[in-house]
Amino acid sequence: MRIQTTRFGEVEVHDDHIIQFKDGMIGFPQLKEYVLVESPSMPLVLWLQAVGDSDIAFPVVEPWFFRRDYKTPMTDADRISLQYTETDRLKTFTVLTIPDDMTKMTVNLRAPVVININKSTGTQVVLQDKTLDIRTPAHEAFNKAMSNFFLTQTVEKPEQSHDAWVAVDYKGTERSATGA
Amino acid sequence: MGTEDNRRDRMLVLTRKIGEAIAIDDHIKITVVQIKGKQVRIGIEAPKETKIHREEIYRAIQDENKAATQSMAANFARVQSPVKKTGTDG
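If you read the protein sequences in the order shown, they are chains A and B.
Our numbering runs 1 ahead of the 1-based position in the first sequence.
Our numbering runs 14 ahead of the 1-based position in the second sequence.
Treat the hints with care, as some may be off.
SDA-like, lysine to any residue: derived pairs with alpha carbons at most 25 Å apart [as the list claims (entries may be wrong)]:
no., chain 1, residue 1, chain 2, residue 2
1, B, K80, A, D89
2, A, K120, A, M147
3, B, K52, B, K62
4, A, K23, A, R80
5, B, K65, A, M103
6, B, K62, A, E34
7, A, K92, B, I66
8, B, K65, A, D24
Hints were generated in silico from the structure; no laboratory data involved.
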């Protein structure tokens, strides 16, 4: 099916790409379905795009951009929301806020988005660790990670990020199943 | 502030002693555990799937999520431009 998006125009979405957020994102309880859209102009940043509202999309990156030792302990409620069972593979993303002045960009380390790849479910987890800031300055770390990527085309991280379940780009081209 | 006031108008206010509780539907029980000066310790029993958070944190995350959705993809152009992408696909 095709969905309309403010940022990427019309995006072709397969049913497998749709991620169910039973509880929505925090502050957006009415929007339960999202897809992850990759914009080719900015690799590594994905957009968690609401299926039901073209305007609503959250830019997300994996937490290794900012923290090597980032962990997302979940509550029972989080696990239920994700329909999590032990063999499921989870992926964690942190949400960016990017104002017009890029140097002021922040990342929310307190409330990451966790996606259950096996069940295509997602939830926004609120971590108990009070030292994690909702508005952590992110520009420097972000630029560093991006520069590394553009210069070397390799990413300092444990695993490749481009999975088959990461939707499609804004040209409507499906990403290959083998990844980048 | 307006929403605060509206909320207070609709709020049910009950007086409880230490150890007493409030039942909400069949599944949620809120108990006053301890009162110490201006602080109250509250115990909450609820079904496992219930998400419970301190409100100010929850509110701050709501606000930040709203700010995050104001991010535009175009803003990235300024980051990308100085460094030329040289790699190949695949």
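Outcome of the hint check:
{"no.": "1", "hint": "K80(B) to D89(A)", "result": "30 Å, violated"}
{"no.": "2", "hint": "K120(A) to M147(A)", "result": "30 Å, violated"}
{"no.": "3", "hint": "K52(B) to K62(B)", "result": "30 Å, violated"}
{"no.": "4", "hint": "K23(A) to R80(A)", "result": "11 Å, holds"}
{"no.": "5", "hint": "K65(B) to M103(A)", "result": "33 Å, violated"}
{"no.": "6", "hint": "K62(B) to E34(A)", "result": "23 Å, holds"}
{"no.": "7", "hint": "K92(A) to I66(B)", "result": "23 Å, holds"}
{"no.": "8", "hint": "K65(B) to D24(A)", "result": "9 Å, holds"}
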